[in-house]
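Go by the hints and put chain B onto chain A.
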Amino acid sequence: MTMSKFSIFTKGLVKENPTFVLLLGLCPTLATTTSAVNGLSMGLATLFVLVLSNMAISLVAPYTPDKVHIPVYIVVIATFVTLLQFLMQAYTPGIYATLGLFIPLIVVNCIVLGRAEAFASKNGVVDSALDGIGIGIGFTLALTVLGLVREILGSGSAFGWKLLPGDGMLAFVMAPGAFLCLGYLMVLFNKFLKKE
Amino acid sequence: MAVQSNLKNMALCLSLVCLVCSALLGGVYAVTAEPIAQTNANLLKASIQAVLPQGGELSEAKTVEVDGTTYEYYESVADGVPVAYAVKSVTSGFGGALTLMVGVTPDGTIYNTSVLSHTETPGLGAKCTTDEGFMAQWKGFDPSQKILSVKKDGGDVDAITASTITSRAYTLAVKNACEAVKAIGGNDHE
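Chains as they are written, first to last, in this note's numbering: chain A, 1 to 196; chain B, 197 to 386.
Don't take every hint at face value.
[Unchecked claim] No more than 20 Å apart at the CA atoms, straight line, and that leaves these computed lysine to any residue pairs for SDA-like:
#, chain 1, residue 1, chain 2, residue 2
1, B, Lys204, A, Pro62
2, B, Lys258, B, Ala246
3, B, Lys348, B, Ile361
4, A, Lys15, A, Gly94
5, B, Lys204, A, Leu141
6, B, Lys204, A, Ile70
7, B, Lys335, B, Lys347
8, B, Lys378, B, Ser340
9, B, Lys204, A, Asp66
10, A, Lys67, B, Thr305
11, A, Lys67, B, Lys347
12, B, Lys258, B, Thr228
13, B, Lys241, A, Ala97
14, A, Lys122, B, Ser201
15, B, Lys241, B, Glu230
16, B, Lys335, B, Gly291
17, A, Lys67, B, Leu210
18, B, Lys258, B, Glu230
19, B, Lys241, A, Gly94
20, A, Lys67, B, Lys241
In short, the hints are calculated from the structure, not lab data.
What you are looking at is a predicted structure, and each value in this text was computed from that prediction instead of being measured.
Next up, chain A with everything else stripped away, as it sits in the complex:
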């Protein structure tokens, strides 16, 4: 496992993009991307938890008995999610009201536990932080793009700015549109990835 610091950071953006390549954490991806702002907020919330839990887990992993490592990771992750919940309720109540249920559900987001298990438990603090930032930004970008496409098609606006008069195609704001958009974005993403 010898990777340059830079490639640890960049692999999460494209090569191991959690949404378009690894297909992890799809439940919040589909549910919260009704608009670009919602997708961006959810991505940033996950990024926050991902970086902190990766760092904390890389510190405790060497001292954790093998049989209890999953419970320990879950406790660490849940702590940071609850912390985030308190902070959001106090300082960004608007976003908290929109994302609501999906903030506590970050605890069971498989991206977070997946990175803890696959990366942070075997690497140092700095590398783990970089990995968390990379994967987190990759996730945030994916959610923002998905949210943006759905917002443009579904409500005729982008980041809350009205582009087209009228309502757009409602289906894209609802669940079927989420699946459709994600599918087509994945096709596009993988097409460009293969060319490289």
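Just chain B, lined up with the frame of chain A:
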């Protein structure tokens, strides 16, 4: 990962991790408890003021019971006389609970309404928070002159296009709030 597991170190490790985590959370809770309470109080106050006429002193939360349902309400009092009531009214919409704040004057006329929380379909029922025509019709709606149900059901309320269930739920919530105000008025006269 190199540590061999035995009962002692497993118990020790888990207890330590939990202890540190709860201490951290306790600390953050203590710091954020006040801003959270403040934010929630401000949101509630703003929602009450949005549905009540200007002026008047706002009372503490009171409750009134109508047909087995308890409603939370706030009185706006000017010169010792209540000039309006803000009633919190919950019904079930299309996607889940629909919670409204309804401002009603003592003569039963609706002053204004606002949505506290909802889980309606985006782009359809969720328009109950943005559709200007739908929202404006509640201002000054007098239930003694008009009928509080949607036009499809023979009433005088313009429903949101393609969202009859949400509109019905909204109307019912307003109606319940009016009933609650009647009950409040009744209690005051006794």
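*When you check the alpha-carbon spacing of Lys204 of chain B and Pro62 of chain A, does it fall within 20 Å?*
holds, 17 Å
*asked:* Lys241 of chain B and Ala97 of chain A were given as a pair; does the straight-line alpha-carbon distance stay at or below 20 Å?
replied: holds, 17 Å
_20 Å limit on alpha-carbon distance, applied to hinted pair Lys258 of chain B and Thr228 of chain B_ = Violated, at roughly 27 Å.
*asked:* Check whether the Cα positions of Lys335 of chain B and Gly291 of chain B lie no farther apart than 20 Å.
replied: Distance ~26 Å between Lys335 of chain B and Gly291 of chain B Cα, so the pair is violated.
*asked:* Against the 20 Å threshold, does the CA-CA distance of Lys204 of chain B and Asp66 of chain A hold or violate the hint?
replied: Measuring from Cα to Cα gives roughly 13 Å; hence the hint holds.
*Take a quick look at whether Lys378 of chain B and Ser340 of chain B sit within 20 Å of each other, Cα to Cα.*
Given pair Lys378 of chain B, Ser340 of chain B holds - Cα atoms ~12 Å apart, limit 20 Å.
*Given the hint that Lys241 of chain B pairs with Gly94 of chain A, does the C-alpha gap stay at or below 20 Å?*
holds, 15 Å
*asked:* Tell me if the straight-line CA distance from Lys67 of chain A to Lys241 of chain B falls inside 20 Å.
replied: It is violated: about 51 Å lies between the C-alpha atoms, which goes past 20 Å.
*Holds or violated: Lys67 of chain A with Thr305 of chain B, Cα cutoff 20 Å?*
Since the Cα atoms of Lys67 of chain A and Thr305 of chain B sit roughly 66 Å apart, the hinted pair is violated (cutoff 20 Å).
*Distance restraint between Lys204 of chain B and Ile70 of chain A, which requires alpha-carbon spacing of 20 Å or less*: holds, 17 Å
*asked:* What's the verdict on Lys258 of chain B and Glu230 of chain B, does the C-alpha distance respect the 20 Å limit or exceed it?
replied: violated, 23 Å
*Are the Cα atoms of Lys122 of chain A and Ser201 of chain B separated by 20 Å or less?*
holds, 18 Å
In the structure shown, a violation is registered for the earlier hints numbered 4, 5, 10, 11, 12, 16, 18 and 20, in ascending order.
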